[in-house]
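J.: Top to bottom, those sequences are chains L and D. The first sequence begins at 1 in our numbering and counts up by one. The second sequence begins at 270 in our numbering and counts up by one.
To be clear, the hints were calculated from the coordinates, so they are not data collected in a lab. A few of these clues could be false.
As the list claims (entries may be wrong) - Derived, one-sided and incomplete: chain D residues facing chain L with beta-carbon distance under 8 Å:
1) L360
2) P364
3) L580
Please read these numbers as outputs of a predicted model, since none were measured by experiment. Every residue, glycine too, gets a C-beta built ideally from N, C-alpha and C.
This is what each chain is made of:
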Amino acid sequence: MLKVVLLFLVVSLGVADRIKIGFMPYLSAQTIHDRYTPLADHLSWVLDRPVRIVVARNHAHQAELFKKGAVDVAFLGGNPYVRIVEAVGPQPILARFAFGGAPHFRSVIIVREDSPLTALEQLQNKRIALGDPHSTLSSEVPLDLLHQAGLEADDLASITHLSNHENILYGVLFGAFEAGAVAEEIFMENRHRGLRALSYSEPLSTHLFIAHSSLEDADVRAIKERLLTLHQSPQGQRILRAIHPNLSGFVPGEDSDYDAHRAILKRLP
Amino acid sequence: MTETYHHQKNRLIALILVTLLGFNGAVAWYLYSEQRQQLHQSAATELSLQARMVAGFLRDPLLRHDYAQARHFLSHWKDSHPQLQTLSVQLDNQPPLFEHHQPPLSGRFITQRHQESVGHWLLTVQMEQDLSLQQQSLRSLIVTLTALALGATLLFAAILWVVLSRWILTPLSEEIKNQTAQISRLNHAYKALSESNMALLTAQSEEQLLQEVCEVISRSCGYPLVWIGYAKSDHARSLQVMAQAGEDGGYLKALDLCWQDAPCGQSPAASAIRQKASVVIQSIAREADGTVWGEAALKRGFQSGCALAILHKRHIVAALEVYSQVEAGFTRAQMALLGELADNLAFGIAALRDRQRVETLSVTDPLTGLANRNRISGALIAQRDLADRYHEPFSVVLMDLDHFKSVNDTYGHQKGDEVLQGFAAILEKNRRKSDLMGRWGGEEFIAILPKNDAAAASFQAERIRQQVEKSDFGLGRAVTASFGVATAKADESTDQLLQRADEALYRAKGAGRNRVVCT
C-alpha cells in the first residue's frame, strides 16, 4: 500500500512539473515529433524540467487545450493566435520563426508542374485541397486569395480540408486535386517532387510560440531567451535545421505583427 | 608382414573415413541446396503477403487523402522490416508516395510487386528483400550440422579403428600371418624338393645323394636336424645313420637306434619303417614325453618331428627323419611334399643302385665275377701309365687251365663252369688290395700285379698254382693250370707285355703244363 502511495506521489509530482508544448497539426504528428523533439530536449535540459510535445487533433482542439491551460506553450499560426487573443486576451509572445533572417512567410497555392493552370481565375470548377479550416496559411489565407481573385467557395468544384500541409501537397501531386494551398516553406521543401506555385499571398508574420499566462515568469523568460539565442550556437543551429532547413532562428514578436492576419479574418465571409 | 597389415588396416580406415566425409559433404550440400530453395520460396511468399498487407493498410488513409499517415505507416514498416532492401509505393505513374532503397548486402534478393485499385488510382507496392542474412544463417546452420556430422564421423572412424584393430583385423592378421608362414615353409619345402631332384640327377653315389638330400632339406627349410637311416636286416634290426645335416648336438650318437618294436625303436624313423608310412609328432613334449628319443630331442630344442619311410618296390630301404624347433612344424601340405621327396629319394636310390649294377656288369665276367677282358684292358693301360709316372714295376700273369676241354667233355659244361668259378675263387682269395684278377677268355685268366717285379709275380703265381693243384673242384681228380709271367719293361706297350706273358705261358704249356714260366 505504501508503495502505491509513493508511486502516485512521484507520478503526480512529475506530471505537475512538466512543461507541455502544444502544436497545431500543420504537419503529421510524427513529423512534428521528429522535427521538434531536439528543441524539446534542449529546453528540457535548459529548464531542468521535462518538456513534452502535444500535437492537437486540429486547430480548434489546440485552441481549446490552450484556453483551459492543458498546454503551457503553444505553437500557432497567425490566425489562431489572433482568435485566441480575442478569446482570452493578450498572451506573452515568446518568439516567432525567421526564414532566411526574415520573420515573414507566405501562403502559396500550388499545382502540379505539368498542370495547364496558370492563374487563380482558372481554378473555377476545380478541386481544391486546403488544410484545417482554421489554418492560417493552408486555409484562411488562400481562401482570402481566391476571394480577392473573385472566386468563392461555390465557384469551385470542391474544397476538401485535409489534416495537414503534407497531405495537401501529396493530394495535388497524385492528381486527387487540381490545386492546394500550403505554407511557402512546405512548398519549397517539396517542389522538386513536381509541384509549381500558382500564386503567393502577401508576406505574413510567421508562426509563433506563445506562453500560457499560468506559466511562471522565470520559465517564460528562460524559454524566450533560449529561443531567441538558439541560432548563436552550433547545437542551436542543428536544432533549427531539424525543424526546417531554411529556419534561420527565432526572433521577437509583437501583437501588432499580426494585424495583417486580423485584416484577412475580417475579409473572410 | 604385420606392418603391411597395419598399412592395409589404416588404408581401410582412411577409405571409410573419406567415404563418410564425402557422404557428409554431399548430404550437407543437398540440405543446403534444398533449404536455400525453400528459403527462397518461403521468403517470396512472405514478401508477397507483406506487399498485400501494406496495400491493404494504405487503402484507408489514401482514400482519406491522409498521405502523411500513409507515409508514416510505410516509414514504420520499413523500420520494422530491416531485411527490406527496397520498399516503393506508387500511385499510377505519379511520383512515388514512398521510396526506400538501401545498398544491397549481396546479389541475392527477391522482388515482389503487388498492384491493386485504390479509389481511382492503381496502387503499386514493390518490395525487395535481401536474402543474404537468411542465407548466412542457413550456411551457419549447415556448417554447424556438418561440423557435428564431421565430428561424429571422426568419432565413428576412431571407434571403427579400435574395433577393427582389436577384434577383427588383428586376429585376421594373425591368421594370415600364420598362413603366410605356412606358405613360406611350403615354398621352402618346394625348393627342397626341387633341389633334391637336382641332387637325384647329379649324385654319383648313394652316399652323396643321401647327404645332399639331407643338406638340401635342412638348408632350404631351416630344420635343425635331418638325417637318413638305413633299416638293416641284421639280428638287432639296427638303424644305420647314412647321412645327416644340421646341428644335432650329439643327438644321434646319444641314441641306440633300431627299428624293432623295442625301447630303441620308438623314434619316428623306427615307427615309419615298421609302419611303412609317414609319422608326424607335432608336439614332442606331449606325444613323446618319457621316451628316450623324446627327452633327448627336447633337450636339444626339438619341438616336433616327422619321419618318412623310403620304400622301393614295397621294400623298406630307409627312413628320413626331420626335426623342427617349433611345435606343429609340419603341415599336411609340407608332409605331402616331404612324402614326395622321400618317394623321389627312394627312386634315386634304386636308380643309383641299378646304375651301379649295370656298370659292374659291364666290366665283370658274369660267370666268375672277375673283371672281364674290357676292364682288364683298361686297367692294363692305366697301370702302364702309373708305372711310367712313378717308375714302379708291375707284372702280368696269364693263366690257363690245363686240359680244360676234357673236363667239359667228360663232366659237362656245368661242371666245367664250376671249375672256372672255383679257379676264380682261388684267384680272388689270393688277390691283394691293389691286384686285379680277370677272365681273359675261355679257361684263360689274367692277373695284373702292381709294384710286383718278376720274382714277386712268379712267387704269387706259384702260390696260386699250388692251391689249384690241391683242389679237385669236385671232380675227383686233379686240375692244374699253367702260368706265364711277364714284368713290364720301360717303353713297352701293353700289347708287347701281353705278348711276352703269352709266350711264357706257351713255354709253360710246352714244358709239361702245371708250372710257372717267367720271361
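J.: Once the shortest beta carbon distance from D:L580 to chain L is found, is it less than 8 Å?
T.: Because about 121 Å separates D:L580 from the closest Cβ in chain L, which is outside the 8 Å limit, the hint is violated.
J.: Quick one, is the D:P364 hint okay against chain L at 8 Å, beta carbons?
T.: holds (5 Å)
J.: If you take the shortest Cβ to Cβ gap from D:L360 to chain L, is it below 8 Å?
T.: holds (5 Å)
Violation of the numbered hints given earlier is confined to hint 3; every other hint is satisfied by the structure.
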